[in-house]
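> Here is what each chain is made of, one letter per residue.
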Amino acid sequence: MSISRREFLKLTGGSATAAAMLAQLGYLPPALAQDVTNITFGGWGGVAEDEGVKSAIEVFEAENEDIDVEWLHTPSAGDYGRVLLSSIAAGTAPDTGFILSDNYETLAVGGALMDITDLVKNDPLLGQPGYFLEPQEANRCEVNGRWYGIGSTWVAHHFYYNAEMFEAEGITPPGFQDDEIWEWEEFLEICKVFTKDSAGRHPGDAGFDSEDIVQWAVDWPFWWMPLGLAAHANGGEFLTEDGLIGLDSPEAMEGLQRITDLVYAHHVAPRSAALASLGMNNVQMVDSGRLAMAVDGSWALSWMNPSLMNVAMGTGALPKMQQPASIMQAHFHSVLAGTDHPEEAWRWVRFLATPFYQEHFCKIGLWIPNQTAMLTEEGLKGWIREGIHPPNYSQFATDYLPKHGVAVAIPPGYIEAANDYINPAFEGLANGERAEDIMPDAVRGANEVLMAAKEDM
Amino acid sequence: MTAHTADPAAAEGFWLIRQYNRLTLRQRRTLMGYVFIAPFILGFVLWWLGPAAVAGYLTFHKWNFLAAPKFVGMANFSKMLGDPILAQSLKVTIVFSVISVPLGLVFAFFLANLINAKFRFIAIFRTIYFLPSIVPAVANAILWAWLFNTEFGLINFVIRAFGGPKIGWLQDPNWVMLAFVILTVWGVGGSMIIFLAGLQGIPQIFYEAAEIDGAGRWQRLLYVTLPMMSPIIFFNLVIGFINSFQVFVSALLITNGGPQRATLFLVLHIWRTAFSSQKMGYAAVLSWLLFLILMVLSFFVFRYIGSRVYYENPGD
Chain A
0 MSISRREFLK LTGGSATAAA MLAQLGYLPP ALAQDVTNIT FGGWGGVAED EGVKSAIEVF
60 EAENEDIDVE WLHTPSAGDY GRVLLSSIAA GTAPDTGFIL SDNYETLAVG GALMDITDLV
120 KNDPLLGQPG YFLEPQEANR CEVNGRWYGI GSTWVAHHFY YNAEMFEAEG ITPPGFQDDE
180 IWEWEEFLEI CKVFTKDSAG RHPGDAGFDS EDIVQWAVDW PFWWMPLGLA AHANGGEFLT
240 EDGLIGLDSP EAMEGLQRIT DLVYAHHVAP RSAALASLGM NNVQMVDSGR LAMAVDGSWA
300 LSWMNPSLMN VAMGTGALPK MQQPASIMQA HFHSVLAGTD HPEEAWRWVR FLATPFYQEH
360 FCKIGLWIPN QTAMLTEEGL KGWIREGIHP PNYSQFATDY LPKHGVAVAI PPGYIEAAND
420 YINPAFEGLA NGERAEDIMP DAVRGANEVL MAAKEDM
Chain B
0 MTAHTADPAA AEGFWLIRQY NRLTLRQRRT LMGYVFIAPF ILGFVLWWLG PAAVAGYLTF
60 HKWNFLAAPK FVGMANFSKM LGDPILAQSL KVTIVFSVIS VPLGLVFAFF LANLINAKFR
120 FIAIFRTIYF LPSIVPAVAN AILWAWLFNT EFGLINFVIR AFGGPKIGWL QDPNWVMLAF
180 VILTVWGVGG SMIIFLAGLQ GIPQIFYEAA EIDGAGRWQR LLYVTLPMMS PIIFFNLVIG
240 FINSFQVFVS ALLITNGGPQ RATLFLVLHI WRTAFSSQKM GYAAVLSWLL FLILMVLSFF
300 VFRYIGSRVY YENPGD
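Residue numbers (numbering that gives the first Met the number 0), protein chains in the order written: chain A, 0 to 456; chain B, 0 to 315.
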């Protein structure tokens, strides 16, 4: 039987279209359809995170041809949290996703996240003893002894300083080794040197005008990480072992008061409540010489680094009050419990906990590894980059954080407790109220919320 | 088999047309009426009545998005009675409403009188005064955040130029409410246009008669303009109160309820309760509380102020 060219084209074209449609609908046997599982991955982040995830997906898909990962990107973390909740309620949650650290326990206890304990423990790589920085990793990942996610990274606060201002004053900047960390009183004295009013007078000088300061020593923001670490540095706790707010202990309140005093008693820090209204962010202030030291999270190194600053800059540990301390946290990568593809979803989440993915973000200064292999001399070569990381920066990851980093596990109900009680109290501190006047009531209210949330779970 | 019955869809279509053709003219018009209002009815049911009914159901339940709603009886209602954060948000909302609504009415009325004048380029002035009310809420919030900037904001620049202090508009709990009132009053263009329409609807003959009787400018305003405008003032008052209880975007974007809960408006509190605290049942109770407040408020406004409104054609 002979067929015309037109009939041949019709037949082949029609067959191909039908096969494609059947494959799409899942009607073809596995041998005929390309057996690829699609999984979704929700998360947030700016341009750097977005690009990083996309490039990780490319590598993962090349290594795992049977899995397609679809990246569901939301720019803001807050919006992502609400989108995730709504999608869980609607039964359309992604297979895998970022989980905000302040909502991780709530989602885990609420059954929204898949228990991956056995998968982690039995994994030939991740299950190796000492693969993660411990005990910090287990502290944050374990909820009632089970793992529901793996920490994406660690982030923590430290100083970013204008090295040229230190050189001009002949002051040795702080480092990350124990003997390079300032005592609080020493820090205050140095702050007075850097702070100047328009007539060049320092705090404590006769005629010093605290309303006309043109150069500040330090900017210490008033939100939970930099304030919580002050509580720890002074021998208190941000969160107690029972998962309650501990900011009403005498040590914690003294630590908080020390930060408020930087602004209102010592006049060496700008009013942080008005930081945004200074018209400059801390990077511009350090860059322009109006600020000697900025307290900021380690992630800020991705935009406050030697290659992007106009002045020589450096990094160092925050001063100790009773002890050195910096709070460590970060978002998690989890498999959502409602996934239809738990095996493929786990393979993707596992990939995110391997050095390749973490190195990508560590190289640009956004992250600090939670994998010990990346903290060895060899491992450091994989992510420490000249121009991004100041010369001493690796010590923050290898020395300071393992010893002085405080990993916090944020309890269920924390978001409500923070919104309703703790954040307004922090705003009060930023406005000059005394810690002992406002923290006890705020902590009482917050802990009532946390205890009620615990009872609900 | 004939050609037109070979295609069932076509036959179905023809059947519908045949049925339509059998209707009387009155029935056709009724049917078309329903077709045309269907989009609204659907929208109303899906996006208003449906959610309101679900919110009603949720008031008796605890629901955190993660597990199925759990019946808790009146627990959400009793929680409301001892909730200090709710008390604060109600206080913030009521204070804002009491200050901003009358102020907004006076300002809109004043502007409407200004742009009711007849001179060249008046259309340009009317457009300029109306423009703020059509600026998108997010852009409006960002714009005012900059205007209220303590160090570099235009408002503090003017105040300091006259020797005034540097005010922490958005950082100081004592000033931030005034900042929100100013921000709101700036957007009175909508009310202004309604006032303008009302002013232009007052017959000139009333003013002429009053003038002949010796009424001055102030008396014409008191005894002609205000009574004739009372339905418009009343309308703007009711709408103003309802809007003042629904402040959300600016509070979320500019201050996020702070400083120290000074701008924790009721709707922001409801939104946080639902989507941050994951307490949808309690948020539903608060939403119904808002509805109840607005209903009671509207009732009293209609009862005590509505009776003083002058309607030229009360039967209409």
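Any given hint might turn out to be false.
[Said to hold, decoys possible] Here are the simulated lysine-lysine pairs, BS3-like style, with alpha carbons at most 27 angstroms apart: (1) K61/B / K78/B; (2) K453/A / K78/B; (3) K61/B / K453/A; (4) K453/A / K69/B; (5) K191/A / K165/B; (6) K362/A / K402/A; (7) K69/B / K195/A; (8) K362/A / K380/A; (9) K319/A / K402/A.
Just so you know, the hints here were simulated from the structure itself, not pulled from any lab data.
> Compare the structure with each hint and give your call.
A quick look at each hint next to the structure:
1. For the hint pairing K61/B with K78/B, the CA-to-CA distance comes to about 12 angstroms; that is within 27 angstroms, so the pair holds.
2. Taking the CA atoms of K453/A and K78/B, the gap is about 17 angstroms. The hint holds against a cut of 27 angstroms.
3. This hinted pair checks out: K61/B and K453/A have alpha carbons roughly 15 angstroms apart, not beyond 27 angstroms.
4. Between K453/A and K69/B, the direct Cα distance comes to roughly 17 angstroms. Compliance with the 27 angstroms bound is thereby established for this hinted pair.
5. Between the alpha carbons of K191/A and K165/B the distance comes to roughly 25 angstroms, so the proposed pair stays at or under 27 angstroms and holds.
6. Simply put, K362/A and K402/A have alpha-carbon atoms about 23 angstroms apart, close enough for the 27 angstroms limit, and the pair holds.
7. Restraint check for K69/B and K195/A: not satisfied, since their Cα atoms lie roughly 60 angstroms apart, outside the 27 angstroms limit.
8. Taken as a hint, the K362/A and K380/A pair is honoured in the structure, with Cα atoms around 10 angstroms apart against an allowance of 27 angstroms.
9. Taking the CA atoms of K319/A and K402/A, the gap is about 13 angstroms. The hint holds against a cut of 27 angstroms.
Figure legend: structure checked against the earlier numbered hints; the only hint not met is number 7.
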